[in-house]
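Participant: Could you put together the complete structure from these sequences and hints?
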Amino acid sequence: MSVSATVHEHDLSELSSQQLLRLERSIAEQFMGGLPWGSIVWAFTNLAVWLSLWPLTLSGALPLWAAAPIATLNVILSYLPSHEAQHRIIAREGERLFWLNEVVGHLSPVPLGLPYQAARLTHYEHHKHANDLELDPDINTRSDSAWHMVVKDIGMQLRTVPKTNIAYANALERLGTEDARRAGATLLAYALVTNALLFGFAWAGYALEVAAIVWLPRIVGGLYIRFFLSWAPHHPALAVGRYRDTRGFRSRLGNILTMGMQYHVIHHLYPRMPLMRHPAAFRALRPILVARGCRLDGI
Amino acid sequence: MPRDDVAHLSSDGAPTAPVSLIGRLLTLLLQGMPLIFGIGFIAPLMTQLLERALPGAAQAEWPLVAGLAIGGSWGAVANLTGRWL
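As you go down the protein sequences, you meet chains P and D in turn.
Here the first sequence is numbered in the numbering used here, starting from 1 and rising by one per residue.
Here the second sequence is numbered in the numbering used here, starting from 1001 and rising by one per residue.
Be aware that one or more of the hints could be misleading.
[To be verified] Ranges between beta-carbon positions, derived for each pair: (1) P:MET32 <-> D:VAL1077: 50 to 58 Å; (2) D:ARG1083 <-> P:LEU197: 22 to 30 Å; (3) P:GLY38 <-> D:GLN1031: 41 to 49 Å; (4) D:ARG1083 <-> P:LEU133: 17 to 25 Å.
Treat the hints as calculated values from the structure; they're not laboratory data.
The C-beta atom is built at its ideal place from N, Cα and C for all residues, glycine as well.
Facilitator: So, in structure tokens, the structure goes:
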């Protein structure tokens, strides 16, 4: 029996909220589990390409005009495999491949300069408090429109201490656990080491090269990530609640260029479902999402 | 109390956690980061840009002086205003 047949067999309006939830979970269950090989290969390939840019660019074998867009793409692609690890999708603690989960989690976001534990703890806070003005560390991307988001984000990043960084630091401080304190210290260490590397290479005569493979890509890629991974799937970010704090949307850029975020509503409902199964799960669950009043903008 | 620890009072007069020497140095470092970034990264970036744009200037001293002036003053202004632009 196909999944869609399972949904259509029921007249959803006749089901109680609990029955609807049970049906939703039974369908979602079919898309859970398994090793997300795609994300693992993605993580290591992307990191290998970014690392290879260093000798190629510093030796002059690869021109800066080619290195900068490749590095920007690497930065954009570096977050999501770590995101899979943050949710323990590759393996949970105590499982045989948990080490692989942690390796992907730590190594994948290196081009972005984001330490894994800080990303994981603040991202859990985002899930727990999505769209909460005080408690959601990602709420700063909330804007009236796409253009407003871009302009507002550039304005924020031009501050010497961007509001996004302050929100992450505040979230870790609020948590107050030993893990959070360690994550905060690692966040600080990452920033200092990154700057030390930039200064060292720049004064050694490679300022343009590190600007092309680290500095500019993080500015442009960071904006792209915040736009498609934070603003777009939560817009207008006014409501809270399981079926209200995230939306489905159709982008003219399609699913690949939006990095699967058109179906982000599925991720907030089932955070441990692998990213690459979101489109199929969305199609199977769509009637239930409609019955729940989820915002599905054109998808 | 260790020598590098200092007792602090909050605004309401209540004692807060002592701040270590490393903590104070880190705070100073972060407070001055825009200026340090201006000199540490923007200055050599400007120098290299000038040398690439004007090949005749590659052996001269002035691109470095100009780079330091631009990077240093940009970083100092950013430090004072809290904004890069």
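Participant: A separate judgement is required for each hint: does it hold in the structure or not?
Facilitator: How the hints compare with the structure:
{"no.": "1", "hint": "P:MET32 <-> D:VAL1077: 50 to 58 Å", "verdict": "53 Å, holds"}
{"no.": "2", "hint": "D:ARG1083 <-> P:LEU197: 22 to 30 Å", "verdict": "24 Å, holds"}
{"no.": "3", "hint": "P:GLY38 <-> D:GLN1031: 41 to 49 Å", "verdict": "44 Å, holds"}
{"no.": "4", "hint": "D:ARG1083 <-> P:LEU133: 17 to 25 Å", "verdict": "24 Å, holds"}
This entry satisfies every hint, going by the numbered hints stated previously.
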